[in-house]
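Spelled out from the first residue to the last, the chains are:
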Amino acid sequence: SQELEQSPQSLIVQEGKNLTINCTSSKTLYGLYWYKQKYGEGLIFLMMLQKGGEEKSHEKITAKLDEKKQQSSLHITASQPSHAGIYLCGADNTGGFKTIFGAGTRLFVKA
Amino acid sequence: DVKVTQSSRYLVKRTGEKVFLECVQDMDHENMFWYRQDPGLGLRLIYFSYDVKMKEKGDIPEGYSVSREKKERFSLILESASTNQTSMYLCASSLSQGVREKLFFGSGTQLSVL
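Protein chains in written order, with the working numbering: chain A, 220 to 330; chain B, 314 to 427.
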């Protein structure tokens with residue numbers, strides 16, 4: 220079965236610094252999602268990537284899917300306290316019906 | 314915006330009790346899902362439903378059952394709660410089957426079984 224591995228597990232950065240979170244799949248990714256979760260709350264959709272080499276941005280967050288479609292990265296530029304939370308990558312199974320998730324990356328931003 | 318509402322944010326139950334977790338979505342979504350979230354394990358799919366009265370097992374269905382009598386409502390049932398079911402439970406919905414759709418999540422229910 221497909222598994223998603225996220226790294227790092229947790230990250231503490233100084234406000235204003237850039238950071239990158241990675242998501243690696245054991246199989247080819249047919250749909251890769253990034254979600255953000257504030258502590259103790261539900262997940263909020265950030266972006267979806269489908270094509271090899273695709274890149275999307277929203278405000279200061281950029282997500283990329285590599286050409287081989289087995290790895291994605293999430294990059295935050297000039298981090299702010301509002302970026303703190305848990306970032307999870309998710310992927311559709313081959314049937315496109317169930318979404319599996321990585322274990323998440325906990326981001327702390329020091330003011 | 315789609316709203317997915319879970320009936321309780323926090324719940325404390327005793328071992329052996331029957332527990333109902335309710336989830337309602339207001340956007341006529343076909344698919345509904347129940348996940349549990351545990352530290353270091355991420356989200357794991359318990360059950361999902363792609364239509365009224367239809368249900369499919371996810372990756373960890375043991376000890377759980379579900380009910381979907383109406384399109385907007387998807388209930389998760391713990392027949393006899395156990396301490397290893399202490400977890401954050403998240404309900405989600407998506408628009409339709411057969412296409413890659415993002416999930417809309419509720420705020421979660423933190424269940425503690427004592």
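Note that these hints are calculated values from the structure, not bench results. Keep in mind that a hint or two might mislead.
Computed list of lysine to any residue pairs in SDA-like fashion (alpha-carbon distance at most 25 Å, straight line) [claimed, not checked]:
no., chain 1, residue 1, chain 2, residue 2
1, B, Lys415, A, Met267
2, B, Lys366, B, Thr328
3, A, Lys317, B, Arg327
Which residues of chain B face chain A? A few of them, derived with a C-beta cut under 10 Å, are [as the list claims (entries may be wrong)]:
no., residue
4, Phe346
5, Leu354
6, Phe361
7, Val365
8, Lys368
9, Gln398
Think of the CB as a built atom: it goes at the ideal place given N, C-alpha and C, for glycine as much as any other residue.
So, going through the hints one by one against the coordinates:
1. Distance restraint check for Lys415 of chain B and Met267 of chain A: the Cα-Cα separation of roughly 8 Å lies within the 25 Å cut-off, and the hinted pair is therefore satisfied.
2. This hinted pair does not check out: Lys366 of chain B and Thr328 of chain B have alpha carbons roughly 29 Å apart, beyond 25 Å.
3. For the hint pairing Lys317 of chain A with Arg327 of chain B, the CA-to-CA distance comes to about 32 Å; that exceeds 25 Å, so the pair is violated.
4. Here the hint on Phe346 of chain B is kept, as its CB sits about 8 Å from the closest CB of chain A, short of 10 Å.
5. Contact between Leu354 of chain B and chain A, as hinted, is supported at the beta carbon level, the nearest pair being about 6 Å apart and thus within 10 Å.
6. The interface hint given for Phe361 of chain B holds, since its Cβ lies 7 Å from the closest Cβ of chain A, which is under the 10 Å cut-off.
7. The interface hint given for Val365 of chain B is violated, since its Cβ lies 17 Å from the closest Cβ of chain A, which is over the 10 Å cut-off.
8. With a cut of 10 Å, the hint placing Lys368 of chain B at the interface with chain A is violated, because the nearest CB-to-CB distance is about 13 Å.
9. With a least beta-carbon distance of about 18 Å to chain A, the hint placing Gln398 of chain B at the interface is violated under the 10 Å criterion.
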